[in-house]
Amino acid sequence: MLSLILPTFNESKNLPELIGALEKVLTMKHEIIVVDDNSPDKTWEVAEELKKHHHTLRVLRRVGRRGLSSAVTEGFAIAQGDVLMVMDSDLQHDPHLVIDLYDAIKGGADIAVASRYMKGGSVGEWVRGRRYLSKAGTYIAHALPPVHSSDPMSGFFAVSSKSYEPIAKKLYPTGFKILLEVLAALPAKSKLTEIPLQFSPRKHGESKLNMKVQWQFVLQIVRIATVRLFQWLRSYQFSVFLIACGFTAVLVAPRVWAIHLLYTDATVRKNVQHTMKVISDTQGWLISDMEVLAVYKDHIRIDHREHRKGGTVTCFDLPFDSISPALCSFRP
Amino acid sequence: MTRCKKILMALLLELFAVVLAFVQFGNGVQTDEAKYLLNIPYPHPPLARFILHLNQNWIHQELFWRIIFATLLVQAVWILLRLVQDLKQSARVAVAASWLLSTGVLFQAGTVMMAPLTALEALFFIYLLLRDDETVDMWLIATVWLVSLFTAYQAVLFAPIVCALILRSRVPLLQKIAAFAIPLLLLFLYTLSNPLALASITIHATKDVSDTIFIRLAAFLRVWFLGGSVVVSLVGLYGIIRARAWPLIGSFLLVSAYVLLARFDYYAILFMPLSVAGVILLLRKRQLATFPFVVLLCLCSVAFALRMPPVFSPSPARRTMQMIDNAHIHGPLFISGSFGHNWQYESSQEIVRFNAALLSTAGAVICTSPCTAMDARSEWAHFRFSDPAVYVLKNPSDTN
Numbered sequence: 000m001l002s003l004i005l006p007t008f009n010e011s012k013n014l015p016e017l018i019g020a021l022e023k024v025l026t027m028k029h030e031i032i033v034v035d036d037n038s039p040d041k042t043w044e045v046a047e048e049l050k051k052h053h054h055t056l057r058v059l060r061r062v063g064r065r066g067l068s069s070a071v072t073e074g075f076a077i078a079q080g081d082v083l084m085v086m087d088s089d090l091q092h093d094p095h096l097v098i099d100l101y102d103a104i105k106g107g108a109d110i111a112v113a114s115r116y117m118k119g120g121s122v123g124e125w126v127r128g129r130r131y132l133s134k135a136g137t138y139i140a141h142a143l144p145p146v147h148s149s150d151p152m153s154g155f156f157a158v159s160s161k162s163y164e165p166i167a168k169k170l171y172p173t174g175f176k177i178l179l180e181v182l183a184a185l186p187a188k189s190k191l192t193e194i195p196l197q198f199s200p201r202k203h204g205e206s207k208l209n210m211k212v213q214w215q216f217v218l219q220i221v222r223i224a225t226v227r228l229f230q231w232l233r234s235y236q237f238s239v240f241l242i243a244c245g246f247t248a249v250l251v252a253p254r255v256w257a258i259h260l261l262y263t264d265a266t267v268r269k270n271v272q273h274t275m276k277v278i279s280d281t282q283g284w285l286i287s288d289m290e291v292l293a294v295y296k297d298h299i300r301i302d303h304r305e306h307r308k309g310g311t312v313t314c315f316d317l318p319f320d321s322i323s324p325a326l327c328s329f330r331p
Numbered sequence: 000m001t002r003c004k005k006i007l008m009a010l011l012l013e014l015f016a017v018v019l020a021f022v023q024f025g026n027g028v029q030t031d032e033a034k035y036l037l038n039i040p041y042p043h044p045p046l047a048r049f050i051l052h053l054n055q056n057w058i059h060q061e062l063f064w065r066i067i068f069a070t071l072l073v074q075a076v077w078i079l080l081r082l083v084q085d086l087k088q089s090a091r092v093a094v095a096a097s098w099l100l101s102t103g104v105l106f107q108a109g110t111v112m113m114a115p116l117t118a119l120e121a122l123f124f125i126y127l128l129l130r131d132d133e134t135v136d137m138w139l140i141a142t143v144w145l146v147s148l149f150t151a152y153q154a155v156l157f158a159p160i161v162c163a164l165i166l167r168s169r170v171p172l173l174q175k176i177a178a179f180a181i182p183l184l185l186l187f188l189y190t191l192s193n194p195l196a197l198a199s200i201t202i203h204a205t206k207d208v209s210d211t212i213f214i215r216l217a218a219f220l221r222v223w224f225l226g227g228s229v230v231v232s233l234v235g236l237y238g239i240i241r242a243r244a245w246p247l248i249g250s251f252l253l254v255s256a257y258v259l260l261a262r263f264d265y266y267a268i269l270f271m272p273l274s275v276a277g278v279i280l281l282l283r284k285r286q287l288a289t290f291p292f293v294v295l296l297c298l299c300s301v302a303f304a305l306r307m308p309p310v311f312s313p314s315p316a317r318r319t320m321q322m323i324d325n326a327h328i329h330g331p332l333f334i335s336g337s338f339g340h341n342w343q344y345e346s347s348q349e350i351v352r353f354n355a356a357l358l359s360t361a362g363a364v365i366c367t368s369p370c371t372a373m374d375a376r377s378e379w380a381h382f383r384f385s386d387p388a389v390y391v392l393k394n395p396s397d398t399n
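These protein sequence lines map, in sequence, to chains A and B. What the first sequence shows, in numbering that gives the first Met the number 0, is residues 0 to 331, in sequence order. What the second sequence shows, in numbering that gives the first Met the number 0, is residues 0 to 399, in sequence order.
I should point out that these hints are in silico values taken from the structure, not numbers from a laboratory. One or more of the hints may lead you astray.
Listed next, the stretches of chain A that the computed footprint assigns to chain B, with coverage defined by at least 3 CB atoms under 8 Å from CB atoms of chain B [claimed, not checked]: (1) 213-224; (2) 235-248; (3) 256-264; (4) 305-318.
Ideal Cβ positions, reconstructed from N, Cα and C, are used throughout, including at glycine.
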């Protein structure tokens with residue numbers, strides 16, 4: 000059975016026409032769930048009225064909650080069908096594509112998307128500014144989720160309830176773009192089918208795309224990118240651990256070898272202690288400013304840091320038989 | 000909690016963190032903080048101090064890192080709240096208060112020390128241990144374990160918790176051993192590469208070796224109570240014992256043994272993650288009366304704060320160096336007596352241990368302990384109103 004979710008906000012003029020068009024197209028067993036965010040133009044009242052003549056219609060009026068994404072997830076939560084679908088209620092989406100999306104899911108796809116950016120699709124008569132904005136957003140959002148769609152911000156898609164159920168709790172339904180959340184939550188091996196969508200111009204009402212929504216989109220992208228980064232780290236965690244340990248070992252082991260005489264030769268150890276104390280007393284250097292780089296049979300090599308903020312670091316050779324440090328020279 | 004409320008709370012917490020950072024800022028950099036800000040190669044491994052020193056040429060380095068450290072410590076309350084998100088609001092308030100209002104956090108937030116960082120790492124491990132989700136990303140935990148060990152040696156004190164987490168994973172025993180032991184081996188290797196760190200550990204461990212067990216116990220109790228404002232300390236310990244949380248008990252014993260050896264007040268924060276974990280365990284079993292708990296906690300924290308008020312006057316090192324800079328004194332500064340790395344941090348000129356043979360090269364002499372020998376040198380004048388005493392070379396016209 001198909002469960003078609005129609006999120007609405009101030010779509011009282013578009014809804015009757017849309018429901019009428021859908022009823023002509025939907026030949027399979029279905030339910031249409033109108034999820035209205037307590038529209039000021041009483042869209043929910045119009046939907047209740049339409050229910051009297053369209054028995055497959057259900058109405059959910061949300062009071063005190065707003066947002067397209069959360070409307071869709073609440074609609075999915077009360078849906079009874081095994082194919083969950085959502086489309087816009089402003090007549091910009093062709094109702095005939097409902098059949099194609101339904102068939103795609105029934106044919107084995109986990110998710111089916113009506114895409115404006117594939118061959119045969121179009122964004123219609125958008126002004127240039129909005130077209131560029133949408134393209135930019137799509138470009139950024141395309142690579143992010145593990146399941147790649149050419150139109151990850153489409154509002155017209157279907158998902159099988161079997162695929163949706165395991166991910167329902169992981170979704171973070173804020174703002175506009177629920178499809179992006181769904182694509183990000185689905186496993187990478189999910190089967191995606193796309194069909195071209197020709198976006199129609201809006202007949203009545205006005206667009207909900209404003210600055211707040213765009214800002215929510217940015218936050219959504221950041222959040223999904225962070226989650227993906229953690230997922231990547233989790234999938235490669237052993238490699239990450241190995242690289243971290245290898246890097247540490249490569250940095251540390253040569254230094255241990257360079258000073259190993261300090262631990263293996265008691266005479267050298269005694270000489271090192273004596274030399275460092277003598278240098279400290281004669282030069283006024285602090286022991287903590289002398290970092291031992293290498294220990295040899297007859298001298299040690301140190302880095303001396305000037306005892307001040309931002310002090311320069313100079314390499315010195317300290318012979319055991321002399322109280323004067325010498326600048327480092329190359330020794331084979 | 001709605002999104003707006005969360006954002007508001009985060010902003011208020013941030014304001015709180017900034018205030019705590021400024022409280023620490025007043026007194027200047029302490030000697031241990033200077034070691035990390037300047038990447039001095041002891042006593043701790045290099046990871047955190049390397050990052051801290053990257054902006055050492057920036058004039059606001061100290062304040063920047065104080066705010067970062069305070070933010071990390073204060074905003075860590077969100078991790079704890081996730082562990083009690085299904086409990087009543089009173090329980091969530093009790094947990095938040097346990098963390099934010101205990102003197103361990105109040106006195107340490109804003110300090111640039113490794114103990115708060117270690118406490119945060121421990122908090123992360125404890126979160127993984129106590130959360131409902133039992134999936135274990137063992138190699139990620141092992142990587143964080145490696146990072147925490149290379150931040151500070153005291154991360155070893157939370158080994159029981161890490162061990163418990165690693166043992167949960169469903170991999171062969173050999174892999175578990177590798178995940179736990181390899182980071183420890185690398186730390187051991189690093190210690191061998193840095194004799195200064197080894198010497199520092201030895202000095203630290205044998206410091207005050209002559210003190211009696213009673214003195215050590217009294218000092219331990221002071222540090223432990225300081226961590227959780229007594230209330231959280233006691234309730235937390237009761238909580239982890241009652242819940243038979245053996246990894247937490249094991250870490251508590253290790254931290255206690257560590258504090259018995261090295262009794263610095265800043266180690267109080269190491270008890271905090273364990274104490275708050277104990278509080279959470281009690282709350283989950285509905286075995287804690289939250290209102291009296293929070294009230295007692297507030298009273299104890301206020302009492303501690305009144306007894307140990309923050310110091311807002313600049314440290315002797317900062318004061319002296321500012322005076323020297325204002326007087327346009329140039330040349331190496333000789334210090335007679337003991338001095339910490341905070342002098343190094345505050346000074347724009349090289350500091351050298353006092354050496355009478357090299358006195359002619361000195362720009363000034365600072366005496367942190369009385370050096371009457373300098374009074375006898377007529378070419379040197381005692382800088383008025385300086386504490387500690389500062390001597391500068393007189394002008395040739397002054398000697399005439």
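A quick look at each hint next to the structure:
Counting residues of the region 213-224 of chain A whose CB falls under 8 Å from any CB of chain B gives 0; the rule of at least 3 is not met. Under the rule that three or more residues need a Cβ within less than 8 Å of chain B, the assignment of the region 235-248 of chain A holds, with 8 such residues. Look at the region 256-264 of chain A against chain B: 3 of its residues bring a Cβ nearer than 8 Å to a Cβ of that chain, three or more, so the hint holds. Residue count for the region 305-318 of chain A with a Cβ under 8 Å from a Cβ of chain B: 6. That meets the three needed, and the coverage hint holds.
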